[in-house]
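Add chains B, C and D to chain A, keeping to what the hints say.
Protein chains in written order, with this note's numbering: chain A, 9 to 434; chain B, 9 to 434; chain C, 9 to 434; chain D, 9 to 434.
Quick caveat, the hints were computed from the structure, so don't treat them as lab data. Treat the hints loosely; a few may be bogus.
No more than 25 Å apart at the CA atoms, straight line, and that leaves these computed lysine to any residue pairs for SDA-like [as the list claims (entries may be wrong)]:
no., chain 1, residue 1, chain 2, residue 2
1, B, Lys272, D, Lys89
2, B, Lys389, A, Ala268
3, D, Lys355, D, Asp222
4, B, Lys389, A, Asn258
5, D, Lys389, D, Asp222
6, C, Lys389, C, Pro378
7, A, Lys125, D, Pro184
Residues from chain D that face chain C, not an exhaustive set, calculated with beta carbons under 10 Å [as the list claims (entries may be wrong)]:
no., residue
8, Asp149
9, Glu153
10, Val230
11, Thr337
Sample of chain D residues lacking proximity to chain C, with all beta carbon distances greater than 10 Å (derived) [to be verified]:
no., residue
12, Glu38
13, Ala94
14, Ser111
15, Gly142
16, Gln294
17, Ser371
A virtual CB, placed ideally from N, CA and C, is assigned to each residue, including glycine.
Protein chains: 4
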Amino acid sequence: MTHLDADPTNEATEFTSQSAVGQLFDATRERTLTLVEPLTEEDMGLQSMEDASPPKWHLAHTTWFFEEFILKPYLPGYEPKDDRFAVLFNSYYVQAGPRHMRSRRGLLSRPSAGDVKAYRAHVEDALREGRAHGAFALEADRLDELLTLGCHHEMQHQELLVTDLMHAFSFNPLLPVYAEPRPVEVAAPQTESWSRHDGGLVEIGHAGDSFAYDCEGPRHRVWLEPYRLRDRPVTNGEWIAFMEDGGYDNQTLWLMEGWAVREKNDWDSPLYWWKQDGVWWTYTLQGPRQVDHAAPVVHVSYYEADAFARWAGHRLPTEAEWEAAAEGTQIDGNFLESGAFVPTGRKPGLWGDVWQWTSSAFSPYPGFRPPEGAIGEYNGKFMVNQMVLRGGSCATPKLQMRSSYRTFFYPHQRWQMLGLRLAADL
Amino acid sequence: MTHLDADPTNEATEFTSQSAVGQLFDATRERTLTLVEPLTEEDMGLQSMEDASPPKWHLAHTTWFFEEFILKPYLPGYEPKDDRFAVLFNSYYVQAGPRHMRSRRGLLSRPSAGDVKAYRAHVEDALREGRAHGAFALEADRLDELLTLGCHHEMQHQELLVTDLMHAFSFNPLLPVYAEPRPVEVAAPQTESWSRHDGGLVEIGHAGDSFAYDCEGPRHRVWLEPYRLRDRPVTNGEWIAFMEDGGYDNQTLWLMEGWAVREKNDWDSPLYWWKQDGVWWTYTLQGPRQVDHAAPVVHVSYYEADAFARWAGHRLPTEAEWEAAAEGTQIDGNFLESGAFVPTGRKPGLWGDVWQWTSSAFSPYPGFRPPEGAIGEYNGKFMVNQMVLRGGSCATPKLQMRSSYRTFFYPHQRWQMLGLRLAADL
Amino acid sequence: MTHLDADPTNEATEFTSQSAVGQLFDATRERTLTLVEPLTEEDMGLQSMEDASPPKWHLAHTTWFFEEFILKPYLPGYEPKDDRFAVLFNSYYVQAGPRHMRSRRGLLSRPSAGDVKAYRAHVEDALREGRAHGAFALEADRLDELLTLGCHHEMQHQELLVTDLMHAFSFNPLLPVYAEPRPVEVAAPQTESWSRHDGGLVEIGHAGDSFAYDCEGPRHRVWLEPYRLRDRPVTNGEWIAFMEDGGYDNQTLWLMEGWAVREKNDWDSPLYWWKQDGVWWTYTLQGPRQVDHAAPVVHVSYYEADAFARWAGHRLPTEAEWEAAAEGTQIDGNFLESGAFVPTGRKPGLWGDVWQWTSSAFSPYPGFRPPEGAIGEYNGKFMVNQMVLRGGSCATPKLQMRSSYRTFFYPHQRWQMLGLRLAADL
Amino acid sequence: MTHLDADPTNEATEFTSQSAVGQLFDATRERTLTLVEPLTEEDMGLQSMEDASPPKWHLAHTTWFFEEFILKPYLPGYEPKDDRFAVLFNSYYVQAGPRHMRSRRGLLSRPSAGDVKAYRAHVEDALREGRAHGAFALEADRLDELLTLGCHHEMQHQELLVTDLMHAFSFNPLLPVYAEPRPVEVAAPQTESWSRHDGGLVEIGHAGDSFAYDCEGPRHRVWLEPYRLRDRPVTNGEWIAFMEDGGYDNQTLWLMEGWAVREKNDWDSPLYWWKQDGVWWTYTLQGPRQVDHAAPVVHVSYYEADAFARWAGHRLPTEAEWEAAAEGTQIDGNFLESGAFVPTGRKPGLWGDVWQWTSSAFSPYPGFRPPEGAIGEYNGKFMVNQMVLRGGSCATPKLQMRSSYRTFFYPHQRWQMLGLRLAADL
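Chain A on its own, in the form it takes in the complex (with noise of 0.2 Å):
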């Protein structure tokens, strides 16, 4: 997997000698199809739970995303591949009847994964040829914009393609590697640090015309009491003491609805740990492995971290203290491009290796109104019951961070890449 890290501002292709958005749009589309590359045809359909896909539908659907957008109402003349693929690339397709159902999606065996390659070419090829044709009934700026939140919305399916195909491989017991173990980084030495802000009127929000998604704006005031905010995330072997100090026994620790969640589900370590002679291992994209002390945990529910935080006497943050605090900062973790598809806990500041629970339920923004039409169902509809996270992960492309991106998840979620950093009141 050599050009997971593939600098788009480097490289040169035909389409990417043309502009930035070319350069974006190559790189993203190739990465996509480099972490592929490890998996079998057969790998390419498994689909795990309904909120998982399969690796092949995130690749049709990331292209089912150009065309629908971009190809069928604003390229004269486009010939879709396949009419069908309208219907079953649609993640936002709702209809009565069991044959169309988000979790069926694993019973698509065909179109092969071959086809979905060849979809892929050919609205590449047709968005490619009909932008150095200037073919679009569209302005060239509206184009590179669309072009843009394509490419964006597939670097988020990269991240959900890597994690999904994650969380499915778990239940195979051979526990297949997807990416060979690196030799494992000495991390930065634990000692308890804690950066201190001032809060007062500060402005959160996306400003400017760089691409964010509709949901991290308008940009607005905030009021913050003074904080502060742990150096780095919240390691496993501080979760190790927060067990072995009785934490998942312990009700009047939890939320009442977490501790509802935890019963019903027995859990009593992360998601993806078992105990074995004493050690606690962990099934990893590097295979299992036996948990790093020193990384940062990770898989663990809005429920767990809550209750771990009250159990170090600390608290989450607010998303806006965690943006606050963040904004101006150098983007520097551990990312997608990596290549390491684990925390290793080597980058310590508010960067990369994990997403971080915030307190804060993910809802609108001050002024925030959605865009009209179906681009416009991206974010607002999901905004009831579900939490943020900040920071990105090691499954998240670098390029898609920002200091005002939000990601969100419902509570109880723990397959994604999640973890936590500690808050207090100054």
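Relative to chain A, chains B, C and D alone:
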């Protein structure tokens, strides 16, 4: 039910003659009994779902609260009436095994309603006598604080008592009448009117020494953009317009999760509504009635309220917007004391008739710390996945109301007196 | 409860003086009331699960049966006490919508127990007077047939009334006593004894004019291989030996489906058992009692009975084997009339104490045709997935018993008085 | 698929040249591979529900059976290809934890289909060579018995393989074609014709030395009343008449439990049917086709079959009636070997096209004793709550058929080739 609106500041009983706390205690305890006067012994045990409890259980649990948190720890020599009640009437008691579960409260045919009333008298006598003789091992101020908390706790259960009962009665095809119907009041004319608010850096949260729950503080600053609020809650007439415009069938109006809940439950109108000969009817505590177009809509979920607001081109207010507008206004509206037990729309300000869904998740305020001990479990452990409502309803004792008062329910819940008010940006 | 064993052939009342049917009617109706004498009004409404009904509902439904099938069609000018009872107390009534569901019978706090008793009297009066004055538009023989059916139907509900009540009481931590405990009878010595049967071409099924349910006929020939039957049901002592030998943990003893049910429900003993200080206790209608080793085991599912039989190296009998052995024997055992309400093991023949699971699915006999009309729904519609039990229990009225009597329950059910008897090939 | 009807008694391979068992083995193993020839690698992993397994798993499990019960215990020095396959491909393996569950077979993208085929060859080679060289620590007769059992086991899985695959394909909106459609055969004229049978004391169950499953014996006597059987299964045309007469909406035709299942699942036609422009279509292994009125109805549950029979004024046969009529008749019908994979109605006797629901629960015959050891788990542990079907289907290898052959499914299951034949009393 002549005593529902007894004003504790005017009445004199043996206990109340001594203090405001005594008056509050006497009036609160008496009102609970007044509320069950229309019930038969068989009504007293009804439990229709896990979220609800039988009337008899509310009578007992509010008594247990005084016994457990005041008499047992602080009254030397206090003899419980029955040791087993400590388990039976503890709402927080969590234990493996099926015998004491919350969902089984309706199976407690014993102790009888009579025994529970005797239990109430036993605890009241001990409290009154102990206080009169200064027998508590506790400072007088702290005793009064705990008594006040117990009274406010009991007022919350008064509201639950009547709404839980309504839910149980609704399953009886005889559709029992709880409160005698009153002549339908003529509602105020339905003109479209909004109040404007400048926002800016405001303070919300409880201030001062008067009673408030832990989650209402600390008082803190919040930045608000300018906004406006509708002068009255959304009415049944407006809701029917939404229904007739296909509101329940138009998925684009709904949150993703809301639509799934709506589909699963086949919702096509508020809870308790049915159509008969072309006319909408509803079950109320006054028995079956035609839906009153001028009265506020009630028994709608957050999902429905959110969809309605989107349909109307507006939005729900945040809780900070609501509180900033309400602070300092006179608390005047249709509360429990009116004896109507249905929303009437007669007093269309910010207060009463129906709780108003806000777009704010129930979260801790900056600097929130729950008190130590079991009383600290009161609110904090519910701070996930629930939405805040404001303003009180026709089933809420007026004495309970404050501009900082936060109640909270899950977005799918409908059996309480839940409605909505529209907000908009300026 | 002095009237449980009232012999309708000896007693004389105004009605019984006229005929055997009259005597049966009087005794049956009186016994139902006797059975609820120990209950409070609040007990009368208890429903603990969908399979069970409240005592009050049994009182009403057995009355509804006479009203619906005799008074309404055949007594000119009959005025129902309340038209709405036709719906409320119809066990077969199926309708979309949540308001009249079987699972909601426990929410019918109204009509009151008093109203239901008045309903009983109203219907009884109409029946007695109508019959005395020959006012029925029906031949006398057919009238008596229907009255007899109604009485047998009511006897079935007498058994359900006490077993349903027991289930509801079991969820009350106070573990109410229904019947006064009696001195524990010394059981017969536990010698291993079997009866031998030649089999061959035998006849089973009801013959003659006396009352029997439709499913007990037609009488027909069955070929049986030689077999033997244990002289008494399996005892608690034997069951504990099975438990101590790991019977509940040895999957090879269990049917595949039985094991899944056992795992899902964490069964490790019969229903209502718990271990306290090393001793097995059980809840009974006489309140909590130590498990009596000499008494028959009760409250075991078919799955458990089948696993026990395999563990014991034997099998369950077929219903034909049981009936062929029972035909012509004296019906002598511990039935409802004893007032014990627990199996005692004192009369260890084929009859009474506990229903005995057979290995026969409840299926139609050759030539079975249900009667026309609603009465024809009595048994035929249940003929799938249920197993036949034979012999009657300590909660069964003795009058109901016949060698051809078939009762049936689902393999997972345990709340009735269900036990087992071993059989073997010769 | 030219080899589906290869006759093992005529063909000669290296193994078959030696014996009938060898011929059976070669033909059976080859046919399994022939059945997956039309599949892609991605098809090989499809699992659509817990009741079904992926094609690849069937290939592996049938191989595991030979390895586990013959090679491992009896071939000295046998080296398994991969020790982990013992767990992966054991259908009976029960273990706590989510990783090896039956419902997760579809997630085994590894080992690949190619690896599984290599596993098949490895085991076949060991069997053939071991047998050729007399290397087994087992008598030749017993070895051949086990080989024969393994072949019959594999034939059962051949039927499951195609019906499971059909179920998975049905969720793909592309509705894949498995077998090339053949010209629709003209079915025999639909005259109403019945055969009459005297009944009396007959013998049923397997007799003699030829292969049969344990549950087909012992042979035993059964008394039958005179009866008649319809000459052919119920057709689609008859089923449509039932549907048009409101059969799916008339509760009085249905078993209580059947109605509940029908309501819960919104059944209004057989599985895989839909209506398009007023015409009924169905998905088949030949792809989507108009419903052929003259062909037998297929994919109906026991509940539906039972309701149909009641609507038709007749009943389903017992399994003894079916077997007594079938014994001695020629086994001639539409089986797997035809390559049609759909019922055609062309050979309307007792055999083939569709399995026929009987009214008999799957129970042990008198004197039934399962064999010792794991092989004894084959049938006995399923003997509760399932119904027997007789006659074989278009997906059943003809070689498997015998008049004593019993298959069994749950009353709600429909994905197999399940139909019905009417019976009546004389």
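A quick look at each hint next to the structure:
1. Lys272/B x Lys89/D: This hinted pair is violated, its Cα atoms lying about 49 Å apart.
2. Lys389/B x Ala268/A: Given pair Lys389/B, Ala268/A holds - Cα atoms ~12 Å apart, limit 25 Å.
3. Lys355/D x Asp222/D: 30 Å, violated
4. Lys389/B x Asn258/A: Roughly 13 Å between the alpha carbons, so the hint for Lys389/B and Asn258/A holds.
5. Lys389/D x Asp222/D: 12 Å, holds
6. Lys389/C x Pro378/C: Measuring from Cα to Cα gives roughly 9 Å; hence the hint holds.
7. Lys125/A x Pro184/D: Status holds; Cα separation ~20 Å.
8. Asp149: 28 Å, violated
9. Glu153: 23 Å, violated
10. Val230: This hint holds: Val230/D lies near chain C, its Cβ roughly 6 Å from the closest one there, short of 10 Å.
11. Thr337: 23 Å, violated
12. Glu38: 32 Å, holds
13. Ala94: 18 Å, holds
14. Ser111: 13 Å, holds
15. Gly142: Gly142/D is indeed farther than 10 Å from all Cβ atoms of chain C, at 34 Å.
16. Gln294: At about 33 Å from chain C, Gln294/D clears the 10 Å cut-off, so the statement holds.
17. Ser371: 6 Å, violated
Comparing the model with each numbered hint stated earlier shows that hints 1, 3, 8, 9, 11 and 17 do not hold.
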